[in-house]
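Note that the protein sequences, when read in sequence, are chains F, Z and D. Throughout, our numbering is defined as the position within the first sequence, counted from one, plus 152. Throughout, our numbering is defined as the position within the second sequence, counted from one, plus 82. Throughout, our numbering is defined as the position within the third sequence, counted from one, plus 241.
Hints were generated in silico from the structure; no laboratory data involved. We treat Cβ as the ideally placed atom computed from N, Cα and C, and that holds for glycine. Be a bit skeptical, because a hint or two may be false.
Sample of chain D residues facing chain F (criterion: CB under 10 angstroms; computed from the structure) [to be verified]: (1) R271; (2) V278; (3) R282; (4) M285; (5) T308; (6) R391; (7) L395.
BS3-like cross-link-like pairs, simulated, lysine-lysine; straight-line CA separation at most 27 angstroms [as the list claims (entries may be wrong)]: (8) F:K590 <-> D:K382; (9) F:K409 <-> F:K276; (10) D:K382 <-> Z:K475; (11) D:K382 <-> D:K243; (12) F:K590 <-> D:K354; (13) D:K243 <-> F:K276; (14) F:K466 <-> F:K590; (15) Z:K475 <-> D:K243; (16) Z:K382 <-> F:K590; (17) Z:K342 <-> Z:K376; (18) Z:K117 <-> F:K590; (19) F:K292 <-> F:K590; (20) F:K466 <-> F:K292; (21) F:K276 <-> F:K292.
Far from chain D by the CB rule (all over 12 angstroms, computed), these chain Z residues [what the hints assert, rightly or not]: (22) S199; (23) G255; (24) V290; (25) L379; (26) Q392; (27) Q457; (28) L458; (29) A460; (30) E463; (31) R464; (32) V478; (33) A485; (34) A517; (35) S590; (36) D623.
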Amino acid sequence: MISRRPGRASLERLELTRLNAIGLLVAFALFWVPLLVDVPNLDTTGERMLSIFLVALVLFVTEAIPLFATAALIILLQVLMLSEQALVPLAEPAGTARSFYAALADPVVILFLGGFLIADGAAKYRLDRNLASLVLTPFKHNARTALLALMLLTAVLGQFMSNTATAATMFAVMLPVLHSLPDLRARAGFALSIPLASNIGGLGTPVASPPNAIAVAAVAGRGESISFVSWMLAMWPLIIVLLAIGWLYLVVRYVPKGLALDLNIERDFDTRLSARVYYLASGLTILLWFTEPFHGIPSAASAFVAVVILLGSKVMTGDDLRALQWPVLWLVAGGIALGGGVVASGLDEWLVGLVDWAAVPGVLLLLALATITWVLGNLLSNTATANLIIPIGLALAVSIGQDIVVVGLLLAAASSMGMMLPVSTPPNAIAYATGTVKTSDLAIMGGLIGFIGVLLLGLVLPHLWVLLGVVG
Amino acid sequence: MISTVLVIGEGPLARAAMREISDDIGEEAIVHAFKRTPDLAAWPGPAAGATHVALVVLVPGEEEVVDDLIESVIAHPSSPDPRILLVTDRPHLDDISRALDRRDVAGVVATPWTPGSLARYTRAEVARWLRLHPVGETVPELPPVGSDLLRHLRLPVAEATRELLEALEEALGPRPRIHLPEGVRISREDLDMDQLFIVVSGRVSLAVRSSTGGSLTLNHTSTGPIIGLLALTDRRGSMVTARTTTPCEIVQLTVEQLDKALASNPRVGAILATLAFRALSARLRRAQSDRVAKTELNRKLQQTLNELRQARADLVAQARMATLGEIAAGIAHELNNPVAALTRTAEHLAEDLPRLLGSDPVAADVLQQARSGRQLDARDERAARRAVDAVVKDPVLARRLVAAGVTDPLQVRRLVRGKKDDALQHVELAAGVGAALHSLEIAASHIASLVEGLRRHARPDSSEETEHQPIDVLETVRAALLLLGHRLQDVRVGVDAAPDVPAVLGASADLVQVWTNLVTNAVDAMSDAGELRITLDRVTDERRVGWARVRVEDNGPGVPAELQEHVFEPRFTTKHGVVRFGLGLGLGIAHTIVHNHHGTIGLESRPGRTVFEVRLPAAEEER
Amino acid sequence: MKLTILVLEDEPDVRAALERDLEPLARTVRIEPAQDVDDAREVMAQVEADGDVLALVLADHRMPGTTGVDFLCELVADPETEHVATVLVTGQADQQDTIKAVNLGGLDYYIAKPWDVAELDAVVRRLLTDVVERLGISPVKHLAALDPVRSMDLVRHGWGDR
């Protein structure tokens, strides 16, 4: 595009809204409370971790500083307060500084790194748009089936690409088509389907969205593991049901019968050698992910295979590497560090002990957890929600004898289903910002899907997972 | 007075020439001798009382170039234009072309010459020079001619004819004289002519048939006394018809008689030849001068033809303009009714629509406002939008409401209380209708003023019908400025009126029109930073008549000098098939009206200052 | 923070027409009319005071006082406003003048009157997208006024998951 003028530094001025200021103040104040006030039943390590947790909670909720900065802050505070390098030394450090920094290179972060590189390659070689054209073009004479195809495609792409990238790609493909659509309601229907399908699709694999990664990492931190395939097995029934409901809702409410689409997306599969290497490398990686039970190569290692091949063959370059969404990786790392710290400091046990969970029936407990997570997920970033909820949720699961894999899956899914507001997820924000959908459209759809999803998660899916052998 | 003769050259030839000439002419001329032309440079000039050099006898040496010699001779101030005789023994001369071309050489005498002839030539040339450069009263005679031919050629024709008759009668005996009345054809074109007539007295005209069938008289004067001579040359028919134009006396000869006379008396041949020669040369001269005259005539004819063509084109153009003017006036008249209908309809609509909208006061307001054609400037518009946006919380709606003319927050609140979209649509419709009405009225008044202009142009004297009243001129100026208010927003206007401006007799509407047109013209000419100054005062002319004077002055770019005399000509131009009233239909009308008021209008213009000055006779003077 | 489009045009009718044709963007982008260059400066000060960002100026070619060309060239030359996209809206396409302005003045685009609404929309979206990219600000809030395809690329690359 135009490169004649550099960005203007003065625009990056410190924007300190009132909410930001309050967030910072409250975070600062809360930070000192556990340190200065003796918390009953909590040792010094736990008190320090509680300080960090409170700061993270407030900053994640208010977004007083960027989320990834909060993530970095968590790691920094852990190193300076909990490790052997603590400024005020601890008799019994919760972990080494190395172990806290390690969150930045957690296997899940590596898995994500590979997933991002594959996803960016899809954009670079226009695989995503070509696939969209390939899948959508046959349905252009019937908008209703085209909508279904669009949603399925979005959900499938969302397995491997971040929700944001998926939504942006699909909007790039669909917006010109939508602008030529005279029916405003149909326009809104199509525009709604994209965030819906990419959010739901984000449940599908461990690399599909950050909450999944945080759940995988947290579960792994407690000695259990969820393979790539078993994650998919667990989630896809839920995805199919929710997509079907979403499609029916959108069709009935927005897309009239007999509407045709002016769909002329050019399709031009890249056949250069580099593109073919890319297809091969990403295909191989996905295949390795799917076949993990047979060969036992961890998914993170498979992802790194892709990284090595793509960078080594110069199919993806240093520029592409630089352009990766490092903030997201750091945010995930922050979540992992937070979870790790909560466990290591014993804070989780204290937190769980605050309430007498035995009085609550198990089923109701799961339903309540799912609901709380979903509500938070609507208000906060899904990743931030997962960062805050999952460590506590897993601790709770341990304390009441629930399967931690079940709880991890449930919490990850519930946090991804928060999509009632424009701010809930990036795909929602994009859809809203294109001006094609209104907040009320998003709220009703997100409410419907979230309600059904939470019911399914709390009441049906744990039993199904046992039946499918995912948990055991 | 004594002439001056130079003999230039050296050698025996030169000396012989010098001797012969000075012996012969010594008493009438002073002869100077020079050896070489460069010696001339030292010569002080002719002796006192002698003429300039009349004759130079030049005897060139072997190696000398005659042209150069002659040029150095005529370069001498005392011999600007001498006759030059070249005396040479060269058989060929190839070096006198320049001198001949200038006609400097009078003659060439080859050696040896008949003794005495060089002196005779000298004498003759000196006489010729004196005839060309007369000194005093006496013009010397040229020496007489000795040969028959030259003598006959110089004889008067009648004399020559008489000698011919004498010679003929010597050979043939007496010839009868034939007497003819006027109008007898002696020879006929295309008929055989095998006889000869000698016209003794009277006149004969020659004529040929022209190609158009009529007969073309050649001339009288060039008719020689002998008719039929040419026909003898190739035994063809006569070339012309000869007809007596006065009673004539002629002598007739057959070819055989002529033949006999020629054979027996050589004088007949000589005289006949000279007469024939003279007749031919007369006809040749005549033909030449005819040809020159004809060429000149042709040229004049072509010029006249061109002028005629131009005149015709002008006439056609004028006729077309006149027709166009008529048509325009006719159309203007015919347009009056529809324009009146348009105007009335617009007014009716503007009255009825608010009543129709009675239940909706906002819409009625909006309509009226849009109809007024007033537009907010950007600053006010932004302020209005901010105010409305504060109520409706929607920038798009705010823009549209303000664009429709709803700026009052109270009205806005009332509007958005109900169904926003419907209310907005309603208001925008009303604004659209109002704007349409405004356009309609503007268009109608535009047409009306054009029609009025055309009507005035076509019948400029119509205002004569109205009674002329004493009018306050200042009042009419003010009225004009009021009328033009909307056009004067970007112009500074100043009016200075002297206290003693006299009233004038006239039609005030007409005068308003004059000022309107002048001011409009000035405003059109000026850029936005224009300044317009109108001054009124009283002036008295040299006949002590009082006038009201109005000067309309602007600081525009001025009227180009070549256009200044035309600005008052009401004219149409047709360019690319479009009728334009470009150059001052308005000024033309002003001119006409001022003229009808017995006033004068004038223009004085240079870049930066243009003044139209109107003078109208003071009312008291006209009573 | 809103991106702002300034419509600088002395003819009220033309100004209104331009604003009307920009209406599809008006809920996302702030659109301010101005009738001359002084007025435009006033608007710029107000925009700055409101914490908004001037992103694009559509200026008429000929205006009383400072011409649109001069004004746009000043904007380009000033480091404070060099990010602003500049569009000349020209009535009589006085070739030399226009070419000079676009080439030497570094203007981004010129639109001939009468303009084509679709062209205007496309150009404005494209240039706003350029500005967003140039300034490195998040495109998300302004998506409805940006080029649909390119803005999504920006979203993909510059704005990650939270």
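| Hint by hint, which ones does the structure fall short of? | Hint check: 1, 2, 3, 4, 5, 9, 12, 13, 14, 16, 17, 18, 20, 27, 28, 29, 30, 31, 32, 33 and 34 fail, others pass.
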